[in-house]
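Chemist: Below are the chains, spelled out letter by letter.
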Amino acid sequence: MSDDKLPVAHDAAEGHGEAAVAENPFADPGLPPHEPRRTDIDERAAKRAERQVSLLFLVSMLATVGFIASYVSIDSDKIVYIFPLGHISALNFALGMTLGVALFCIGAGAVHWARTLMSDVELPAERHAIEADDETRADVIQQFKTGAAESGFGRRKMIRNTMIGSMALVPLSGVMLLRDLGPLPEKKLDRTDWNEATSDAPIRLVNMNTNEPMKPEDIVVGSLTFAKPGPSASRPAGLQESDEDFQEAIAKDALMLIRIQPNDIKDADSRDLGFEGVLAYSKICTHVGCPISLYEQQTHHALCPCHQSTFDLSDGARVIFGPAGHPLPQLKITTDASGYLVATGGFKHPVGPSFWERSE
Amino acid sequence: MKKLSARRRHPLAALVVLLFALAATGGLYAAFAPAENAQADSSAQSLAIDEGKRLFAVGCSSCHGLNGEGSSTGPSLVGVGSAAVDFQVGTGRMPAQQPGAQIPKKKNIYSQSDIDAMAAFVASLGPGPVTPTKDQYTSTETDAISKGGELFRTNCSQCHNFAGAGGALTQGKFAPSLENVDPKHIYEAMQTGPQNMPSFPDTTMPEKQKQEIVAFVRYQANEAPNPGGLSLGSLGPVTEGLFGWIFGLGALIAIAIWVAAHTTKAKKS
Numbered sequence: 001m002s003d004d005k006l007p008v009a010h011d012a013a014e015g016h017g018e019a020a021v022a023e024n025p026f027a028d029p030g031l032p033p034h035e036p037r038r039t040d041i042d043e044r045a046a047k048r049a050e051r052q053v054s055l056l057f058l059v060s061m062l063a064t065v066g067f068i069a070s071y072v073s074i075d076s077d078k079i080v081y082i083f084p085l086g087h088i089s090a091l092n093f094a095l096g097m098t099l100g101v102a103l104f105c106i107g108a109g110a111v112h113w114a115r116t117l118m119s120d121v122e123l124p125a126e127r128h129a130i131e132a133d134d135e136t137r138a139d140v141i142q143q144f145k146t147g148a149a150e151s152g153f154g155r156r157k158m159i160r161n162t163m164i165g166s167m168a169l170v171p172l173s174g175v176m177l178l179r180d181l182g183p184l185p186e187k188k189l190d191r192t193d194w195n196e197a198t199s200d201a202p203i204r205l206v207n208m209n210t211n212e213p214m215k216p217e218d219i220v221v222g223s224l225t226f227a228k229p230g231p232s233a234s235r236p237a238g239l240q241e242s243d244e245d246f247q248e249a250i251a252k253d254a255l256m257l258i259r260i261q262p263n264d265i266k267d268a269d270s271r272d273l274g275f276e277g278v279l280a281y282s283k284i285c286t287h288v289g290c291p292i293s294l295y296e297q298q299t300h301h302a303l304c305p306c307h308q309s310t311f312d313l314s315d316g317a318r319v320i321f322g323p324a325g326h327p328l329p330q331l332k333i334t335t336d337a338s339g340y341l342v343a344t345g346g347f348k349h350p351v352g353p354s355f356w357e358r359s360e
Numbered sequence: 001m002k003k004l005s006a007r008r009r010h011p012l013a014a015l016v017v018l019l020f021a022l023a024a025t026g027g028l029y030a031a032f033a034p035a036e037n038a039q040a041d042s043s044a045q046s047l048a049i050d051e052g053k054r055l056f057a058v059g060c061s062s063c064h065g066l067n068g069e070g071s072s073t074g075p076s077l078v079g080v081g082s083a084a085v086d087f088q089v090g091t092g093r094m095p096a097q098q099p100g101a102q103i104p105k106k107k108n109i110y111s112q113s114d115i116d117a118m119a120a121f122v123a124s125l126g127p128g129p130v131t132p133t134k135d136q137y138t139s140t141e142t143d144a145i146s147k148g149g150e151l152f153r154t155n156c157s158q159c160h161n162f163a164g165a166g167g168a169l170t171q172g173k174f175a176p177s178l179e180n181v182d183p184k185h186i187y188e189a190m191q192t193g194p195q196n197m198p199s200f201p202d203t204t205m206p207e208k209q210k211q212e213i214v215a216f217v218r219y220q221a222n223e224a225p226n227p228g229g230l231s232l233g234s235l236g237p238v239t240e241g242l243f244g245w246i247f248g249l250g251a252l253i254a255i256a257i258w259v260a261a262h263t264t265k266a267k268k269s
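Chains S and P, in that order, give the protein sequences. Everything in the first sequence is counted per the numbering used here, starting at 1 for the first residue and increasing by one. Everything in the second sequence is counted per the numbering used here, starting at 1 for the first residue and increasing by one.
Next comes chain P alone, as it looks inside the complex (with noise of 0.2 Å):
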């Protein structure tokens, strides 16, 4: 103690007591502050973007980069929001094949929890449209069908055609067909807009709306008469033209030949 006293006036005494003080009051906030902060967040939401993260380091980094940031071969995922992801790999088109005009669709090779983790993960990049729910997918009003249509007509049948058969577009681009696509792809990408479809964000196309539009898709796919017998694909006239030249023409020719060919002569009969 004398040792220690007998160099009190030392000119670096006074940091010596300082580094003292320093650990004394960290040593005592270690030792009293809230434990919770430093353990490891583990609620389900965090859980799922942790497990998103890693199955998108594995499906999807090599193109859209290992945080979603986007790279030459694929597109920033910052913002795009959880109902994208649902929709593009729901779908099977994401992970996509290989590049070209238009990446289609194919079999999905996800479960939904494992789309549900990854849309988590792709949600905490950057706020976007959510995954909807069955509700606002579905529509309870009875004239959804016709309103939903005259929105169709406005909205969606210059690209998916007036029943929604699908159409071509430039350059080997094309709209698919929206038959037996699942009512909530339909809803996903009305919102997000995937690949050169335009978005119809709800400032523009109330949820409501898009339920009718939904509505009236299921119909004309499940429900809706062909007044004529044969939808031909309800392409219009270039599939009926080619029925009637292909099959009506031929069936004519083949009963001429037919015709000509059997003789009445009473020596064969």
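Looking at chain S on its own, in the form it has when it is part of the complex (with noise of 0.2 Å):
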């Protein structure tokens, strides 16, 4: 830093500094002098500045009604080809565009307007202490304990009382609005369309892609392939995507079928319920309940996109990642008369996410 620049030499430029640095070494400089801007001191710059914030706000307003015309005539379809950006929706782009335009507008001319026209004085305010001073606090107090005294408040026990259980209660109405997020589940998440199946009315298994049964013999080693419940009594055509309650369906009996070979299936009873090899897992992760189906071949882990926790297919569905409490719900699955994949009962477990009224 250059000399000139430091108070002792300032202060000695003009001649009386001697005592001060003796005094004060790091004196308040105080405020630089006011300087007046262009617009401060030529009207008609003054008047040009005016007129470029005017401009902006006015931009701001053509800007506006384009979005709102933009809005209102451009099909939502329509796609242009936009130099930099590509193949792009003309209507996205016409929004973004305006709205951006006019929103930047308002910003841009309240900034120049404050910059050119608004005063720039330099104005210091002086620091207090937040804490009010002795004589006002004691008024205050002494007000306070009046009013109680002249309210009854301490003498009259009954106003007092009712007043505090009726400001108790108010709260409650707000617990009662809770109620909306009802009704509870009941026994919904414990049961699937499978549970619809018996040994003597198994429902059989379907391939959501193709939309008919299947085989084991379908199913190869190292495939991976989602099944649906077909026909069944309540749903004679089988759960179909035109079907009300769909979405509400598929998210409780969606299955994920893959085969290792029953010698490298570590878990006896998961063994069991498998076919040759085949078995059906719920597609529902036992965490908050997204459809997983990340499945690894080779290790035959499937993993959750959500959250990342890893099931040991190989090994019952075991967790061994990540933040599912429960293994996945397998269905036993065996094949009918035809040699079609059939389930002869539901899943042993609620597939889906932990309840509080989880039997398990």
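Treat the hints with caution; some may be incorrect.
[As the list claims (entries may be wrong)] Now the in silico label distances, taken between C-beta atoms and shown as ranges: (1) S:S338 <-> P:E150: 24 to 34 Å; (2) P:Q171 <-> S:E217: 48 to 58 Å; (3) P:E69 <-> S:G86: 44 to 54 Å; (4) S:V65 <-> P:E150: 33 to 43 Å; (5) P:G100 <-> S:L177: 47 to 57 Å; (6) P:Y219 <-> S:E50: 51 to 61 Å; (7) S:E43 <-> P:W258: 20 to 30 Å; (8) P:N67 <-> S:S338: 34 to 44 Å; (9) P:G236 <-> S:E276: 54 to 64 Å; (10) S:S338 <-> P:F243: 48 to 58 Å; (11) S:E43 <-> P:L232: 43 to 53 Å; (12) P:L249 <-> S:E276: 52 to 62 Å; (13) S:Q52 <-> P:L232: 30 to 40 Å.
[Claimed, not checked] No farther apart than 30 Å at their CA atoms in a straight line, the calculated lysine-lysine pairs in the DSBU-like style are these: (14) P:K105 <-> S:K78; (15) P:K208 <-> P:K53; (16) P:K147 <-> S:K215; (17) S:K348 <-> S:K332; (18) S:K332 <-> S:K188; (19) S:K266 <-> S:K348; (20) S:K215 <-> S:K332; (21) P:K208 <-> S:K215; (22) P:K147 <-> P:K184; (23) S:K266 <-> P:K173; (24) P:K107 <-> P:K173; (25) P:K105 <-> P:K134; (26) S:K188 <-> S:K348; (27) S:K47 <-> P:K265; (28) P:K184 <-> P:K134; (29) S:K215 <-> P:K184; (30) P:K208 <-> P:K105; (31) P:K105 <-> P:K53.
Derived by calculation from the structure, the hints in this document are not laboratory data. Virtual Cβ for every residue (Gly too), placed ideally from N, Cα, C.
Take each chain as given, in its own frame, and dock them per the hints.
Modeler: Here you go:
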């Protein structure tokens, strides 16, 4: 730093620095003298700045009108080619550009106005203690005591107590509103469409891709197939996408079918639930219910993309990593007289995430 | 002759006669039997297998064994079929540079005829999926893209992302992006299930549905418009959020500094 910027040199130059240096080497230099802006001294410049600010606000108005006009007039399917962006939606582009211009011009106008026309005189503001002085505090306390005495709050205990009671009960209205989060799921989460299957009336496993039932030989080792319930008593055509409650049903019924060499299945119960190495697991993660099917055919791990819960499908879908609390439920499958894969009962454990009333 | 007939009652005479008879039969058979079977098989298929076996011995046998039987460093190739070879070698994944969680795609060093020869050799080890022809992976249906989109979202999007941009799996493995992948290789990957990808055999996903998925992936990579302008890798909120924080907020901070640093004092203007 050059010497002339230091307070010592500065003060010395003005000729009366010696004493000040001895008293306070870091004296407050104070505010620099106010310098006028061009718009302060030149009326024509001020007028020009005024017009510039108004123009910005006017552009903003036009852009807003343009926003409304493009919202009304541009078809949402229309795709246009705009050079650096490529093929994009005309509506999205128009809405984004007009709204962006409208907001930017308001901001730019406000900044330009403040910088050129509003007063820019520097004003020092002294800092004060936040606390009130003793006299004011004593006065407030006195007023409070007088008010309490005049209201008879301490004397008329009935009024006091009922008031406290009424104020304590008011939050209950808020608690009541929570009821709208209900009704409670009851047994809905424990049951899936597979529960309808019995050994007398089994439900076929239907391929999600082809809408056809499958035979065990269709499922090869290393493949992954998704299945849904076929015809049953309550759904004679099987679960169809046209069904009104399709989303609700598939969120519980979805299966992923894999095949592992029976010798490679580590969990004996899991091997028994499958059919000749074909295993049918629920596709719904037991953490928060994401559909999982990131299946790695060499490691037999299935991964959930939401929170990385990892299940070992060769070991009864045991959780080997992540926040899931339960293994994936497995459906017991066998074949019917025609050789198609069927389920003869529901899942042993509820599918999907944990919930309060979960039976285990 | 007398000498010979004098010994006709010798105990070994019957054996000598038998040897003569055997020699005569064998000689006559050699002279008159059909000769084709004894010649080397010189059909194109056989030559390809032969050539493939030599290429295999040089490039593949150190991991997969001299006859594709597999070893501790590479799986057995019996029954993987020619489609698997065409995919793995055609995309440069094989020969593998180094072992690891996943063998990445890299530059292919073989010509298509070399790959075909190796595929013919591996296919001769056991039956498996056959390299598809162009009409097998090209759909002519007009609604193939929309149908393929449905199938893609059911079967593929969980790993490869809704736009085929790829995604992460466990412990260093990943599902690669499907952009710029040859349609033939997409089809072969579905057929054979390379590395940790599950396979989608014709029994659970018929050929027509594979064609539709290929059509959708090609459309998504080449023609699908970006309604918002920048796709930012189609990776979803992660890249979009990063872009907003770094470029959006960065630009605002830069403007704020510029506004504050430029005075409007008359002296400087």
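Chemist: Now tell me, hint by hint, if it's right for this structure.
Modeler: A quick look at each hint next to the structure:
| no. | hint | verdict |
| --- | --- | --- |
| 1 | S:S338 <-> P:E150: 24 to 34 Å | holds (28 Å) |
| 2 | P:Q171 <-> S:E217: 48 to 58 Å | violated (32 Å) |
| 3 | P:E69 <-> S:G86: 44 to 54 Å | holds (51 Å) |
| 4 | S:V65 <-> P:E150: 33 to 43 Å | holds (41 Å) |
| 5 | P:G100 <-> S:L177: 47 to 57 Å | holds (56 Å) |
| 6 | P:Y219 <-> S:E50: 51 to 61 Å | holds (55 Å) |
| 7 | S:E43 <-> P:W258: 20 to 30 Å | holds (28 Å) |
| 8 | P:N67 <-> S:S338: 34 to 44 Å | holds (41 Å) |
| 9 | P:G236 <-> S:E276: 54 to 64 Å | violated (40 Å) |
| 10 | S:S338 <-> P:F243: 48 to 58 Å | holds (55 Å) |
| 11 | S:E43 <-> P:L232: 43 to 53 Å | holds (50 Å) |
| 12 | P:L249 <-> S:E276: 52 to 62 Å | holds (58 Å) |
| 13 | S:Q52 <-> P:L232: 30 to 40 Å | holds (36 Å) |
| 14 | P:K105 <-> S:K78 | violated (37 Å) |
| 15 | P:K208 <-> P:K53 | violated (33 Å) |
| 16 | P:K147 <-> S:K215 | holds (24 Å) |
| 17 | S:K348 <-> S:K332 | holds (9 Å) |
| 18 | S:K332 <-> S:K188 | holds (20 Å) |
| 19 | S:K266 <-> S:K348 | holds (19 Å) |
| 20 | S:K215 <-> S:K332 | holds (15 Å) |
| 21 | P:K208 <-> S:K215 | holds (20 Å) |
| 22 | P:K147 <-> P:K184 | holds (19 Å) |
| 23 | S:K266 <-> P:K173 | holds (23 Å) |
| 24 | P:K107 <-> P:K173 | holds (20 Å) |
| 25 | P:K105 <-> P:K134 | holds (22 Å) |
| 26 | S:K188 <-> S:K348 | holds (15 Å) |
| 27 | S:K47 <-> P:K265 | holds (17 Å) |
| 28 | P:K184 <-> P:K134 | holds (7 Å) |
| 29 | S:K215 <-> P:K184 | holds (28 Å) |
| 30 | P:K208 <-> P:K105 | holds (27 Å) |
| 31 | P:K105 <-> P:K53 | holds (24 Å) |
Hint violations for this structure: numbers 2, 9, 14, 15, all remaining hints satisfied.
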